[in-house]
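Participant: Based on the hints, put chain Z in the right spot on chain X.
Residues per chain are reported as follows:
There are 2 protein chains.
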Amino acid sequence: MDKRFFVEKRKYNIGEIITIEGEEHKHLSLVLRLKVGDTIDCLPNDNTIVVCNITSINKNKTQASVIEIINQPNSVDNVDVFVGNLKGDKNEFLIQKLSELGVNKITFFESKFVTAKLVKDKSARNEKIALTSAKQCKRNKAIEIGTDLKFKDLLKVLCGYDKVLVAYENEKTISLNNIELKSSQKIAVVIGSEGGFAREEIDEFINNGYCSISLGERILKAETAGVVFTSLVMFKLGELGK
Amino acid sequence: MDKRFFVEKRKYNIGEIITIEGEEHKHLSLVLRLKVGDTIDCLPNDNTIVVCNITSINKNKTQASVIEIINQPNSVDNVDVFVGNLKGDKNEFLIQKLSELGVNKITFFESKFVTAKLVKDKSARNEKIALTSAKQCKRNKAIEIGTDLKFKDLLKVLCGYDKVLVAYENEKTISLNNIELKSSQKIAVVIGSEGGFAREEIDEFINNGYCSISLGERILKAETAGVVFTSLVMFKLGELGK
Chain X
127 MDKRFFVEKR KYNIGEIITI EGEEHKHLSL VLRLKVGDTI DCLPNDNTIV
177 VCNITSINKN KTQASVIEII NQPNSVDNVD VFVGNLKGDK NEFLIQKLSE
227 LGVNKITFFE SKFVTAKLVK DKSARNEKIA LTSAKQCKRN KAIEIGTDLK
277 FKDLLKVLCG YDKVLVAYEN EKTISLNNIE LKSSQKIAVV IGSEGGFARE
327 EIDEFINNGY CSISLGERIL KAETAGVVFT SLVMFKLGEL GK
Chain Z
127 MDKRFFVEKR KYNIGEIITI EGEEHKHLSL VLRLKVGDTI DCLPNDNTIV
177 VCNITSINKN KTQASVIEII NQPNSVDNVD VFVGNLKGDK NEFLIQKLSE
227 LGVNKITFFE SKFVTAKLVK DKSARNEKIA LTSAKQCKRN KAIEIGTDLK
277 FKDLLKVLCG YDKVLVAYEN EKTISLNNIE LKSSQKIAVV IGSEGGFARE
327 EIDEFINNGY CSISLGERIL KAETAGVVFT SLVMFKLGEL GK
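Those sequence lines, one after another, are chains X and Z. Each residue of the first sequence is one higher than the one before, counting from 127 in this note's numbering. Each residue of the second sequence is one higher than the one before, counting from 127 in this note's numbering.
Okay, chain X solo, but in the shape it has when bound (with noise of 0.2 Å):
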């Protein structure tokens, strides 16, 4: 099925009349060109999948009648991602590539090394790349963008979770390899932007109990290491193939 629609975030009946209008509509008219009688899914951002038939198109909306409501999630709900804030274009590639590997959620944080400010107006396009994203990769609950964060309210955020992965290129013995992890835990990977971590920003992780870690001799960019450590905790969790 590609015809997947995001629509409005509620509690759907089967027979109800749902209303879809703006960008969706337009795509599902004037690109797709379907017609009364398809059959479309609707996509209420919360993991169910809102089965409906097309009952009108007009030049302004869409509507169709709910027949069926699946409830089926296909992101790992207990992995979530903090990112230093990146420079240019990049914290929109992580944002589409976490959302292709199932990562629960993304929050971009300052810290020392950090250069590139966080922008508040960027969080409309952030949710809406996650939203474009999703729809490409089949997700049926869009990759969550958190609240941008201060490094001192990143340490309090991530005390809630039960594993705290930071990746750290001066880390030389630990790596993934000696980490369990399980599909119970909720686990937090972190990243630093193109700076890294300031010696104390790490001394502060592993007071608070969390696991530095090594990803090897190599030099990775900031927005690689994103994606190859959140792989790396993905297929330790058996999402990438059991």
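Don't take every hint at face value.
Heads up, the list lumps identical chains together, so a pair's fine if it works in one copy or across two of them.
[Stated by the list, open to error] Listed below are the simulated BS3-like cross-link pairs for lysine-lysine, each with C-alpha atoms no more than 27 Å apart in a straight line:
#1 K231 with K347
#2 K264 with K238
#3 K278 with K213
#4 K129 with K238
#5 K312 with K264
Hints listed in this document are in silico derivations from the structure and should not be mistaken for laboratory results. None of the values given here were measured: they were computed from a predicted structure.
Facilitator: Below, chain Z alone, put in the same frame as chain X:
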């Protein structure tokens, strides 16, 4: 040491005078503004570092005297990656990311569902991307760019490997969890283009004794699959932390 310059690939001797011209000379003299007496690392792109002292800099060339020759392989010479030719700038994206991951060689191929034409005059551009990436991630030998292959030639080339791992989205049973990899093996990682592989192509791989591998249930874009799959292979080889 950030002062790294690629030089002609040949044998060098202590005391010899090396001449650096063209782009590398400009980068050295105009961007980095190095001076006579400064120490630089010259890279013949064969895993050796030829440490030199600058003896003269003029408008068109820099000359430097060899003071030490270090043999220091820091890429993974037993892992090559083969990728179905991708659209847009995705080949370039993969050259960069697989270079960072330490891959020895990347080769693009044509298969049934490849829609992007292989363009001959791209090879110079690809080589340049490989060298630039090698400088950034401090490889002493740039990732090699193989000659473009037709599918039937790909099958022949893969005969030379001890282990051939083909990412296949319809594979349901075998994942990298079931495969033992050793650093003593010559390993080929094979990724399809945006359209994936045709069933008969996968059959040909399997008839040749190659392994088709699942990357799990989620839908990864071709270029994401390239980075993720290679990351997992490198992890299993101990190259992303022991």
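Participant: Now, for every hint given, state plainly whether the structure supports it.
Facilitator: So, going through the hints one by one against the coordinates:
no. : hint           : in the structure
1   : K231 with K347 : both (21 Å within a copy, 19 Å between copies)
2   : K264 with K238 : between (37 Å within a copy, 25 Å between copies)
3   : K278 with K213 : within (21 Å within a copy, 43 Å between copies)
4   : K129 with K238 : between (44 Å within a copy, 26 Å between copies)
5   : K312 with K264 : within (23 Å within a copy, 35 Å between copies)
The structure fails none of the hints (numbered hints given earlier).
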